[in-house]
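S.K.: Quick note, the sequences are listed as chains A and B, same order. The numbers in this note's numbering rise by one with no breaks, and the one at position 110 of the first sequence is 735. The numbers in this note's numbering rise by one with no breaks, and the one at position 250 of the second sequence is 643.
Certain hints may be false.
Stated by the list, open to error - If you want a taste of the chain B side facing chain A, the calculated C-beta under 8 Å gives, among others:
no.: 1; residue: 409
no.: 2; residue: 413
no.: 3; residue: 583
no.: 4; residue: 584
no.: 5; residue: 591
no.: 6; residue: 628
no.: 7; residue: 629
Derived by calculation from the structure, the hints in this document are not laboratory data. Nothing here was measured: the structure is a model prediction, and the numbers come from that model. Each residue gets a CB set at the ideal place from its N, CA and C atoms; glycine is no exception.
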Amino acid sequence: MTTATGLQRYLSSGVLMIWGMTLTYFYFSGRVASYLTPAFQTGAMIAGIVMILLAFGRCFVVRDTDACCQGECAHVPKISAQLIGAAILVIPLICAAAISPNGFDASAIKNRGYVDNVAALPGYKPYQEPALPTDNGQASVPTSTPAPAAAATASSGSTVAASTDNAQQDQTFIPRNEAGQIKAQTIDLIYAAQEPSMRSDFENKDVEMIGQFMPARGNNPNGDRFDLVRMFMVCCAADARPVAVTIQTKSPEKVAEMSWVKVVGKATFPMVGGRMTPVVVASEVKPCDPPEDTFIY
Amino acid sequence: MGDSWFTFSLPSFFFSFLSVVQEGVPFLLLGSLMSGLIDQFLPSRTMLRLLPRNPFMGICAGAAMGLVFPMCECGIVPVIRRLINKGLPLSNAIAYMLAAPIVNPLVIISTLAAFRGQHGVEFTIMRMGIGFLVAVLAAMAVQKMPVSAVLREGVIAPDGGVRDSAPQGSIPSRLRAALGISVSDFLDVLVFFVIGVAISSTFNTAVNQKFIDALASNVWLATFSMMGVAGILSLCSTSDAFIAATFIALPASAKLAFLIFGPMMDLKLVFIYSAVFKKRFVLGLAIGLFILVGLICVRMNITQL
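Using the sequences provided together with the hints, build the complete structure.
M.R.: What follows is the structure in structure tokens.
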């Protein structure tokens, strides 16, 4: 066994062990929720465990001659190349795990551009009005698409239940706080601005929302507006988009950028630029702790 | 700060980097495990017997193989590396490599879902069809090239031929060898994956998207700039349709180009491909695909979708 071959065995095992432990740590610590949607989280955990097993396998089970039997031993990299490769694999991962803050900072959010129009939301399906009954009194086709907000935000405990023809029934599913205010997400109001049946659930009603404070992007001559932002993730954080709702306050708020705030106010939907836009007229804005799921899936 | 075209933030970079790594590594690992098993348990004779003898039909079969053996773009490179070693013609492997991340059941479902209500069926059919066509055309071009101009040294056996006609040895020893090969393939490709993800994460977090959106003012500009965006963002082919569907202001040809070019060539893939192919070939493939996909999508003139 040459030095290069021996080193390769231990470096490979070490790299696999570090990667495997990092992935399993992210899963079992719950940090994975900030990086991946639930659909991908289990896969990452399994990959982590498999990598740990492979690390043991590579170290104790695979003989160095196993790979040589087909001439691959001729391609064992030089020691310097092996060390550089291991450094590329390990250093960024460890730095990322140590430094990564479980969320984007303000500059990255601004660079991604806010979503304040439901049509710009990943996975949005245009609303279809329910079909009218046919002559025999039956619904002609499956009536309407389910309220996307319900599907899109189900995992984050969002407000809006599936839209049905029975508004009364809807109301019973809308979660409220102890004061009777509707607990809403930014994404709910974005959808409500587009869909009449959902809008009636919110319009001119008191809502309670949690999000991150960002300075208003414009149209703020008195300095009494800000944007309440939540990140909406499709598959992983890299594709997440900031979903923003404008908050109108009585006076300019002195809150640090990106800090979490709870807003209580009345949901309105004025026409801005030819389309209905959600604006919450706040009666109260106060700092709060981040929610359990900082992302909306 | 938000109006600058480039604002780098190390924490956001690492955040994006970790998210793509955690999403992509399971697929990369799956591909590597398959590559080890293919190497040790797939007799090359069997594989070659199943392939059509006609080279063109062989390429078409390769491009359609993703329907049966679906792979995403991250995991496919270790697999085709082993298939080439098993004697799969290079052109067939290229067709499979380029088409499988698009022409596969998961991507069909996700594209249909993402574009539901926005001509989803038409979009999905065109994505599959053009993806298949481009993969076949690229593979036919590769067919005329010498292997030495395409593959890196050491990727195929020293004699340049098929390594074995039938795997030999006991099952435990073959499993051990498969494990060793899987680990070796995984780490080889992982290095390039990490470099590619690091670069795409830089663009993903530091470049102001509105400066990219501004390029999309006409069909030609929109189509080619969206391919550039796909190359930079390096999204997974199973999820990119959900992103493309949000570009509502863009012409359909631009969205289609985004969905076809991205899974075939992006920043992370440039590095992953470099584990198997020569740099010059990868560069040529990137330019060729960029032009071919762009021209086809623009010429389709599907502005009505």
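S.K.: Take the hints in turn and mark each one as holding or not.
M.R.: Consistency of the hints with the structure:
1. 409: Cβ of residue 409/B sits 5 Å from chain A, so the hint holds.
2. 413: OK, holds: residue 413/B within 8 Å of chain A, min 5 Å.
3. 583: Holds, because the Cβ-Cβ distance from residue 583/B to chain A comes to roughly 6 Å (cut-off 8 Å).
4. 584: 5 Å, holds
5. 591: It holds, given that the least Cβ distance between residue 591/B and chain A is near 6 Å, below 8 Å.
6. 628: 6 Å, holds
7. 629: 6 Å, holds
The structure agrees with every numbered hint stated previously.
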